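Protein sequences appear in the order of chains A and B. Take the first sequence: its position 61, counted from the start at 1, is 61 in the numbering used here, and no numbers get skipped. Take the second sequence: its position 63, counted from the start at 1, is 63 in the numbering used here, and no numbers get skipped.
Calculated from the structure, these hints are not laboratory results. Accuracy of the hints is not assured; some may be wrong.
Computed footprint of chain A on chain B; a stretch qualifies when at least three of its residues, placed anywhere within it, have a C-beta under 8 Å from a C-beta of chain A [stated by the list, open to error]:
{"hint": "1", "segment": "62-76"}
{"hint": "2", "segment": "100-112"}
Here are the simulated DSS-like cross-link-like pairs (lysine-lysine), alpha carbons at most 27 Å apart as the crow flies [what the hints assert, rightly or not]:
{"hint": "3", "chain 1": "B", "residue 1": "K54", "chain 2": "A", "residue 2": "K17"}
{"hint": "4", "chain 1": "B", "residue 1": "K5", "chain 2": "B", "residue 2": "K100"}
{"hint": "5", "chain 1": "B", "residue 1": "K100", "chain 2": "A", "residue 2": "K38"}
{"hint": "6", "chain 1": "B", "residue 1": "K71", "chain 2": "A", "residue 2": "K17"}
{"hint": "7", "chain 1": "B", "residue 1": "K54", "chain 2": "B", "residue 2": "K68"}
{"hint": "8", "chain 1": "B", "residue 1": "K54", "chain 2": "A", "residue 2": "K38"}
{"hint": "9", "chain 1": "A", "residue 1": "K17", "chain 2": "B", "residue 2": "K5"}
{"hint": "10", "chain 1": "B", "residue 1": "K100", "chain 2": "A", "residue 2": "K52"}
{"hint": "11", "chain 1": "A", "residue 1": "K44", "chain 2": "B", "residue 2": "K100"}
{"hint": "12", "chain 1": "B", "residue 1": "K56", "chain 2": "A", "residue 2": "K38"}
Computed from a predicted structure; not experimentally measured. Every residue, glycine too, gets a C-beta built ideally from N, C-alpha and C.
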Amino acid sequence: DAMVIQNPRYQVTQFGKPVTLSCSQTLNHNVMYWYQQKSSQAPKLLFHYYDKDFNNEADTPDNFQSRRPNTSFCFLDIRSPGLGDAAMYLCATSRETGPGVNEQFFGPGTRLTVL
Amino acid sequence: DQQVKQNSPSLSVQEGRISILNCDYTNSMFDYFLWYKKYPAEGPTFLISISSIKDKNEDGRFTVFLNKSAKHLSLHIVPSQPGDSAVYFCAASVDFGNEKLTFGTGTRLTIIP
C-alpha cells in the first residue's frame, strides 16, 4: 500500500542535542509538509517542499530546518532542541497544491521528548 | 490567535444516532474546508471537504454543512457507528485549497454501543 512512513515513532533527545526526524513516501507526491502538534493543540504547519522548492512559514523558529534529498524522503532537523519543542511531529504529502487538490496524506507522526 | 476553533473537546453519542461536530472560523479569506479523522497511533486521514461556493457536501454517512455568514461549519455523521470513534479535526485554507492548512484543536468523538 502506498503510504507515508515516519521514523522513528518515538524519539528521545537531550536538551540542546541535535535531532533528525525522517519521513518517506511511496505516493510519489510533489509536496511534502512538516507539522508540529503540541498536546491538546492544533497541528501547526512548519514548512513544506514543492519538489525541491522550500517554503518556510513566517513564524517557524530558525532552530527548525528541513532537507529533501529526493522525491521520497524529507527530514526535519532540530538544531538545538528546547523543552518547548517536545511535541508530535507530523509529516504529510499532497500530489499537488492548488484548488481542489489539497487533500493531504499524513504519516503516523514522531513523538519527540526532550529531557 | 486561533483562526479555526473547535470548542467541544469531546462528544459522546449513542450508536445509531446522529453525531454533529462543530467548527467555527474567524478568517473571512478561508474558502475551502476539510475534515480529518484521526485514530490513536495513526496520522489524520482525509474525510470530506467543502468549497465556499457550496453550502453542503455529502459522502455516504458524512455530510458537511457550511454557513458562510456565521463562519461556521458542521460535520454530521448518521447513523453513528462504533468505528467512528476518533478525533475529528476541522481545517481551512484560502484560494480554494492551497498548501497551507489551518487546523482546529480537534473533537474526540466516542460512540457508545
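Hints, one by one, checked against the model:
| no. | hint | in the structure |
| --- | --- | --- |
| 1 | 62-76 | violated (count 0) |
| 2 | 100-112 | holds (count 7) |
| 3 | B:K54 / A:K17 | violated, 49 Å |
| 4 | B:K5 / B:K100 | holds, 17 Å |
| 5 | B:K100 / A:K38 | holds, 18 Å |
| 6 | B:K71 / A:K17 | violated, 44 Å |
| 7 | B:K54 / B:K68 | holds, 10 Å |
| 8 | B:K54 / A:K38 | violated, 33 Å |
| 9 | A:K17 / B:K5 | violated, 35 Å |
| 10 | B:K100 / A:K52 | holds, 17 Å |
| 11 | A:K44 / B:K100 | holds, 10 Å |
| 12 | B:K56 / A:K38 | violated, 32 Å |
In this structure, the hints that do not hold are numbers 1, 3, 6, 8, 9 and 12, in rising order.
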